[in-house]
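Engineer: Assemble the whole structure, with the sequences as input and the hints as a guide.
Taken in sequence, the protein lines are chains U and G. The opening position of the first sequence corresponds to residue 1 in my numbering, with each subsequent residue numbered one higher. The opening position of the second sequence corresponds to residue 1 in my numbering, with each subsequent residue numbered one higher.
These are computed hints drawn from the structure, not numbers from a lab. The beta carbon of each residue, even a glycine, is placed where N, CA and C say it ideally should be. Mixed in with the good hints there might be a few duds.
[To be verified] Simulated pairs of lysine-lysine, DSSO-like, Cα-Cα distance not exceeding 27 Å:
(1) U:Lys595 <-> G:Lys572
(2) U:Lys451 <-> U:Lys554
(3) G:Lys242 <-> G:Lys26
(4) U:Lys572 <-> G:Lys332
(5) G:Lys607 <-> U:Lys554
[Stated by the list, open to error] With the Cβ distance kept under 8 Å, some of the chain G side facing chain U (calculated, not the full set):
(6) Gly103
(7) Lys104
(8) Pro335
(9) Leu462
(10) Ala465
(11) Thr484
(12) Gln501
(13) Thr532
(14) Gln536
(15) Tyr537
(16) Arg538
(17) Ile570
(18) Val599
(19) Leu606
[Said to hold, decoys possible] Looking from chain U toward chain G, a few residues come up when the C-beta cut is under 7 Å (computed):
(20) Pro13
(21) Gln459
(22) Leu460
(23) Ala465
(24) Asn474
(25) His485
(26) Leu497
(27) Tyr537
(28) Ile541
(29) Asn581
(30) Val599
(31) Thr600
(32) Val602
(33) Pro603
(34) Lys608
The chain contents come next:
There are 2 protein chains.
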Amino acid sequence: MLTTLKRMLIGRPLKTTELGDQKLNKTKALAILSSDALSSVAYGPEQILLVLVTVSTLAFWYSLPIGIGVLLLLTALILSYRQIIFAYPHGGGAYVVSKQNLGKYPGLIAGSSLLVDYILTVAVSVSAGTDAITSAFPSLHAYTVPIAILFVVLITLLNLRGVTESASILAYPVYLFVLALFILIGAGIYNALTGNVPPAHHAQIGTPVMGIGLFILLKAFASGSSALTGVEAISNAIPNFKSPAPKNAAKTLSMMGILLALLFSGIVFMAYYYGVSPMTEATVVSQIAEETFGRGAMYYFVQGTTALILILAANTGYSAFPLLAVNLAKDKFIPRMFTIRGDRLGYSNGIIMLAVFSILLILMFQGQTEQLIPLYAVGVFIPFTLSQTGMMVKWLREKPEGWGGKLAINTVGAVISFVVTMMFFLTKFNQVWPVLLFLPAIILLFHRINKHYLAVGEQLSLSTAEPTVPIKGNVIIVPVAGITHVVEQSLNYAQSLSADQIIAVYIPFEREEEAAFQEKWSKWQPDVRLVTLHSQYRSVIQPLMKFIDVVERKARESDYQVSVIIPQFIPKKGWHNVLHNQTSFYIRARLLYRKDVIVTTVPYHLKK
Amino acid sequence: MLTTLKRMLIGRPLKTTELGDQKLNKTKALAILSSDALSSVAYGPEQILLVLVTVSTLAFWYSLPIGIGVLLLLTALILSYRQIIFAYPHGGGAYVVSKQNLGKYPGLIAGSSLLVDYILTVAVSVSAGTDAITSAFPSLHAYTVPIAILFVVLITLLNLRGVTESASILAYPVYLFVLALFILIGAGIYNALTGNVPPAHHAQIGTPVMGIGLFILLKAFASGSSALTGVEAISNAIPNFKSPAPKNAAKTLSMMGILLALLFSGIVFMAYYYGVSPMTEATVVSQIAEETFGRGAMYYFVQGTTALILILAANTGYSAFPLLAVNLAKDKFIPRMFTIRGDRLGYSNGIIMLAVFSILLILMFQGQTEQLIPLYAVGVFIPFTLSQTGMMVKWLREKPEGWGGKLAINTVGAVISFVVTMMFFLTKFNQVWPVLLFLPAIILLFHRINKHYLAVGEQLSLSTAEPTVPIKGNVIIVPVAGITHVVEQSLNYAQSLSADQIIAVYIPFEREEEAAFQEKWSKWQPDVRLVTLHSQYRSVIQPLMKFIDVVERKARESDYQVSVIIPQFIPKKGWHNVLHNQTSFYIRARLLYRKDVIVTTVPYHLKK
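Structural biologist: Shown next as structure tokens:
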């Protein structure tokens with residue numbers, strides 16, 4: 001029944017050879033990998049104005065040069081990540097670049113910040129999208145958390161169905177959002193050029209404003225840079241592209257850069273032209289749309305596609321997180337299960353883990369995740385800085401043809417990313433401090449996991465493990481609970497093996513039972529030695545363990561192997577299990593975990 | 001660590017031979033087995049007045065004849081249960097009596113109503129006691145539910161420590177309560193005799209009252225009879241008495257009857273003499289105490305011991321429930337685990353189950369369990385009626401010496417109990433109807449459990465099971481995941497058994513791995529046949545299951561037994577398990593539940 005439900009939700013399992021069909025073309029890749037970056041256009045420009053308004057609305061003209069700064073950073077990042085895509089065509093992005101060029105720990109810092117960041121991406125963007133919906137339909141407000149969780153579950157199911165299928169569905173809203181913003185910006189520019197709407201009456205560009213200093217400007221710049229989160233996703237997800245993967249990924253990245261630049265500058269310009277001031281009741285984009293179209297169909301089109309893309313931004317996390325996890329798991333820093341492809345060839349454990357953690361975050365913050373945005377931004381700029389620095393080291397070390405230009409690009413990117421990271425710490429320390437706690441904690445955990453895997457490998461490898469002692473003979477112990485068919489079957493099996501000794505063990509709780517059982521036994525199985533162990537504390541396990549210890553110590557002297565054969569009947573229906581004391585189960589678990597004996601279960605399947 | 005905590009809470013384990021020390025003398029038995037019955041004095045008389053007041057305060061004098069009716073019923077019940085104790089000295093009370101004399105289903109009706117009733121006893125009495133405490137300290141009111149649960153947990157721990165220890169502690173409050181009420185009644189009678197307090201000015205005995213009919217009187221009688229719940233507990237708990245158990249139990253029962261009769265008639269009389277009217281703010285006992293002593297130390301002594309005994313009434317449930325469960329489990333109507341004595345020789349599974357269910361009830365009703373009182377009373381009178389009827393049948397069938405008198409006693413008891421039961425259904429149907437749903441449901445469940453146990457017994461018994469086919473040879477399958485030390489160990493073991501065939505199975509996900517592994521294998525283990533099964537859906541279990549099916553079909557033709565030997569490494573620390581895909585665990589579970597093969601685990605304990 002569970003299998004049927006699974007089939008219904010995620011479809012039939014796919015063969016490994018069908019992997020090629022699960023690769024993305026550029027159009028679909030652009031849609032699902034850039035939804036995060038593009039969606040940040042909806043709040044990036046607003047973040048700049050929110051800082052400037054603390055000084056004066058006169059300072060709004062500074063949004064233009066700050067916007068140009070953000071565009072410069074965007075250009076540096078896009079160029080730099082193009083270089084990363086070609087240099088590391090198997091994906092892994094900031095984690096692989098930092099690890100290979102700067103060392104294990106910088107790599108882990110980049111990897112774990114991104115891992116956490118994708119979780120934050122999902123939680124923050126789904127919450128933001130849900131907020132947009134509940135603002136439109138206030139009666140849904142009480143259900144914010146369940147609605148957000150429902151969206152996470154839906155996106156998770158789509159991703160479990162496979163990358164291609166989710167891309168086919170999710171491409172529409174992404175392109176509709178781009179279309180909506182282009183119409184909005186186009187109409188806005190038309191209005192401006194024809195003079196239909198006059199510019200707002202506020203300070204001209206270049207007007208000096210009291211109280212504006214370098215600190216405020218840098219803070220506004222850092223806030224605006226939050227529009228650049230998601231830019232790195234493509235570099236993590238190269239393996240999802242149709243071949244030639246690196247080339248297609250690079251083209252998609254450039255396309256995303258261009259779209260992002262156009263939309264971002266368009267919104268910054270329109271906001272300045274209309275003199276939009278950030279308000280709690282309406283977003284900057286909403287104000288621009290209202291100013292341009294009035295509250296008509298186009299206004300609702302812009303608002304609707306914006307809400308949708310905020311939710312779909314989560315999907316970028318779903319594309320990048322599992323692939324980053326594969327890279328970390330291959331390097332033995334996180335559990336191996338993340339390298340396993342699910343029925344639909346996606347890395348389903350990564351997908352499910354991402355869903356679980358983001359739902360936990362949504363529950364913990366009751367859907368109020370806005371306070372997590374700075375944390376989320378700083379979590380992106382740390383790997384940005386590290387990966388660009390890594391690339392600098394690479395060029396300096398390898399000095400390929402034309403390395404000077406490449407070095408210059410990455411140096412600019414590294415410096416700006418570093419400055420933005422520092423600005424977050426300086427200006428929003430009370431929101432970003434948790435990163436200083438959880439990054440070290442995660443890295444410590446990764447380190448311990450790594451140590452364990454290396455130790456296991458060493459212990460299992462034939463070249464390093466202690467040589468196996470050959471088995472010279474076998475002693476078999478059969479715990480028996482009575483004279484039944486199940487016990488008979490187990491004894492038959494024990495006798496069919498060429499064991500040197502078979503010992504049946506009976507553990508009575510009452511002294512009186514002891515003699516009676518021994519007598520019955522000697523009539524029934526005269527050839528099998530029976531040991532009775534009176535248990536005065538009514539525990540089966542303790543006397544059995546002690547007995548096995550004694551037998552084992554003696555057996556080891558002559559390199560004999562001790563096996564315990566447990567008779568177990570298997571009820572026909574699951575609920576029947578509660579009707580039976582699961583003694584054989586406990587015995588088996590205790591033996592396997594505590595003793596060096598081999599444990600055999602002889603099942604007897606009940607027919608009714 | 002868990003073991004240490006357990007030792008601290010419930011003490012060291014006891015030997016089975018120490019069982020004798022866990023028996024109760026009469027003083028202690030009276031305390032813990034009659035707390036339920038005695039505590040009902042605190043609300044029984046009030047229940048009568050609550051019915052009469054619906055007509056008029058003039059009708060209060062009827063409480064005297066009704067009280068005499070209740071005393072008559074009490075006498076009949078006590079005499080009747082004395083007869084049950086001697087006739088069924090191994091305990092089991094109404095369940096055993098009804099089953100043996102009336103048949104399986106009447107027995108199950110009696111047994112399951114009592115089982116549910118003891119759960120209700122715990123929930124209702126702990127909630128009532130907690131209410132008394134939170135009324136005294138209103139600041140605790142918000143914590144009613146956690147406080148009630150805490151009391152349940154405390155009483156459970158006491159009972160897990162053992163009957164004697166709980167009796168030693170719980171005897172004090174019970175006797176203090178009896179002392180407090182005797183002082184109260186004594187002082188009251190002294191006041192009445194000396195004329196210190198004149199009788200209330202209300203209707204004289206015998207005054208005709210408008211609106212009083214048989215229905216109201218019977219309703220008041222039924223309500224007053226709720227003071228008799230708990231009378232049957234001793235007959236269930238005979239095995240807990242020091243020997244001679246039946247004699248001691250019968251004496252304790254008589255003592256309890258006398259105490260109950262004195263306290264009940266004292267309270268009824270005082271209430272009438274003082275003209276007490278039931279009020280929501282103060283209980284009848286509280287009003288009598290205030291009238292007698294004023295709000296002094298003695299008043300608080302009465303109130304405090306009353307609150308305490310209400311909570312301790314729960315303990316009667318703890319004494320009787322596990323013993324009733326043992327009887328039902330021995331007859332295979334409920335899971336066998338209820339017959340197991342815990343570390344402290346109590347039937348700990350019964351104790352824990354009682355705690356779990358009563359905590360669930362407290363949570364469900366948020367501590368407002370008063371509405372459950374009628375349900376609880378009817379749940380006692382059904383088994384009362386059945387057991388008395390059973391005794392009638394017994395006397396008529398066996399006709400022992402002096403059976404006429406015995407029959408008369410039980411007939412009176414049966415008739416009154418039946419009338420009271422009917423009165424509950426007629427007058428409080430909207431509160432007692434659930435009994436008509438859950439009794440059949442529970443009995444159906446018991447019936448199905450019984451059917452399962454009988455079927456299992458038949459299938460396991462040597463006389464009825466199909467004869468075992470002798471094993472003519474062994475085929476061993478070893479699933480291997482690579483060329484490691486663990487696999488080597490499993491192969492060594494397989495080779496040490498005299499198997500006719502050993503097949504190693506490797507399941508690669510990629511075609512390319514197949515040939516490479518086969519080559520490595522033939523160099524490493526040239527003597528062991530290797531089968532590779534390419535899994536195009538990346539599942540280890542499915543191809544393995546199919547392969548085992550094929551091997552098994554062939555083996556069965558020549559009565560060969562198929563065993564699967566699973567190499568499994570056991571990590572040193574528990575948390576390490578999440579780092580490894582528990583493939584061997586899944587394989588084992590699937591094999592045991594689905595296939596007729598023997599499953600052997602060869603553990604390899606990691607040292608770091």
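Engineer: All hints, please: hold or fail.
Structural biologist: Here's how the hints hold up against the structure:
no., hint, in the structure
1, U:Lys595 <-> G:Lys572, "12 Å, holds"
2, U:Lys451 <-> U:Lys554, "36 Å, violated"
3, G:Lys242 <-> G:Lys26, "8 Å, holds"
4, U:Lys572 <-> G:Lys332, "18 Å, holds"
5, G:Lys607 <-> U:Lys554, "22 Å, holds"
6, Gly103, "24 Å, violated"
7, Lys104, "19 Å, violated"
8, Pro335, "5 Å, holds"
9, Leu462, "6 Å, holds"
10, Ala465, "4 Å, holds"
11, Thr484, "4 Å, holds"
12, Gln501, "13 Å, violated"
13, Thr532, "15 Å, violated"
14, Gln536, "4 Å, holds"
15, Tyr537, "5 Å, holds"
16, Arg538, "6 Å, holds"
17, Ile570, "6 Å, holds"
18, Val599, "5 Å, holds"
19, Leu606, "5 Å, holds"
20, Pro13, "5 Å, holds"
21, Gln459, "5 Å, holds"
22, Leu460, "4 Å, holds"
23, Ala465, "4 Å, holds"
24, Asn474, "6 Å, holds"
25, His485, "4 Å, holds"
26, Leu497, "5 Å, holds"
27, Tyr537, "5 Å, holds"
28, Ile541, "13 Å, violated"
29, Asn581, "6 Å, holds"
30, Val599, "5 Å, holds"
31, Thr600, "4 Å, holds"
32, Val602, "5 Å, holds"
33, Pro603, "5 Å, holds"
34, Lys608, "5 Å, holds"
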